[in-house]
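Novice: Spelled out from the first residue to the last, the chains are:
Number of protein chains: 2
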Amino acid sequence: MIEAHLLDQIPLFSGTTPKDLERVAWLTLEVECEKGNFLFREGDKADYLYILLSGLVQLTARGPEGQQTVIEILYPGDSFILAAVITHKRFLMSAEVVKKARVLKIPADELIELIRHGGDFGLNMMSTLSAQFRTMVRQVKNQRLRTTAQRVAAFLLDLAYDQGRGENRITLPHSKKLLAALLGMSQEGLSRTFTALKEQGVEIDHNQVHIESIIKLRRFCGFSNKLDATDRINPKD
Amino acid sequence: MIEAHLLDQIPLFSGTTPKDLERVAWLTLEVECEKGNFLFREGDKADYLYILLSGLVQLTARGPEGQQTVIEILYPGDSFILAAVITHKRFLMSAEVVKKARVLKIPADELIELIRHGGDFGLNMMSTLSAQFRTMVRQVKNQRLRTTAQRVAAFLLDLAYDQGRGENRITLPHSKKLLAALLGMSQEGLSRTFTALKEQGVEIDHNQVHIESIIKLRRFCGFSNKLDATDRINPKD
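Protein sequence lines correspond, in order, to chains C and B. Each position in the first sequence, counted from 1, maps to that position plus 440 in the numbering used here. Each position in the second sequence, counted from 1, maps to that position plus 440 in the numbering used here.
Simulated from the structure, these hints should not be mistaken for laboratory data. Quick caveat: nothing in here was measured; it's all calculated off a predicted structure. Fair warning: there could be bad hints in the mix.
Stretches of chain B that chain C covers, calculated by requiring three or more beta carbons in the stretch to come under 8 Å of a beta carbon on chain C [to be verified]: (1) 501-510; (2) 513-527; (3) 545-558; (4) 582-593.
Positions of the beta carbon are idealized from the N, C-alpha and C atoms, including for glycine.
For reference, chain C alone in the conformation it holds in the complex (with noise of 0.2 Å):
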């Protein structure tokens, strides 16, 4: 068993009360995970929540011809899949590690005894899913109704917001190979649209990039902080 106040500090499991913890802490088990190793794969019958405790994990799917894309990152803190573990479903995506992950797997059973306890906890999870929900909203609202080089654009505003440090100077998070396959397209793709980014003032050296001007951005992508900017636990607005 892994000890309560790591689970503490978990937002999950904020507000929880000592002694659901205390079980919680009772059924979960903490694993180790190599760079490659899958924890999960599409299609495995959802019986473990998994929390990210340190490392990077990517959310992938395969197509008919065997094509991967990946659909997500994970970064420490955030839990993968609530949706699959609260129905008993399979997982559509599969779970691979790409920097030596430490995860935490709590029993779907264990999940869904705490939600019918009520508090904090099932809003929690309600506000978990909702994000996530959103942020795959997102995601079909950018491949149907933006253009490859306006995809780009907004993924970097998104950024800029979240980074804010007078928002035109950004650090990008992830290798050029990981981003691409983020965004759905080939590494080739991403630095053709790099480049013909410079038209709307996009300039990137290495892992840096300066945007001349947000407002132009913005209107080049439609991008609005309302609707596009990633729901994050503070929120600016």
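Assemble chain B onto chain C, guided by the hints.
Specialist: Okay, now just chain B, sitting in the frame of chain C:
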């Protein structure tokens, strides 16, 4: 106010205590909306949860050039959009009435209070939200990993799985116009795709579709019942 027994028939409220139902009924509004009206628009603050009693509603979004896409079609019994309501955020999609609709509006604060109570209500909400999340994940996967023809084929196989009458003959549930919008393509694009799908043994006559071989069509688009079939209230596996 509306009658509590009306709420009782909605899956979201199954297992809710009569006392809680009475309280929700007191605060719930019932509205009628004509075709073409909007219940709310992308960007509006989410103060109410909507439940469709009769008619048809589409969730749409607009792109940078003002172009519109249909993200989902809602049927009687469906609730929308939980994720925005629970987190007090803005709607990421607009809700437009496609066929004269009767709708319940439930105040967000009241729902959050009910979740705090625990029991079945919070769990029902989580299940509904989970199914909605999974629908969006499938859409992202479809857009990223399938060609247009494979996407239409997967849509038909999901319908066949749902309608389940010998599986080879299905009825399109919507006009071709609505169908094209839902699949993220133009009406001409959809017609061209139906023509191309003849090679895969798909024959279409008005709203009747005949699939020569389910197995062949599955292979063509990599369809799996476990991963691709929409989560339904009474799943078949």
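Novice: Hint by hint, where does the structure go against what was stated? Just the numbers, ascending.
Specialist: Hint check: nothing fails, all pass.
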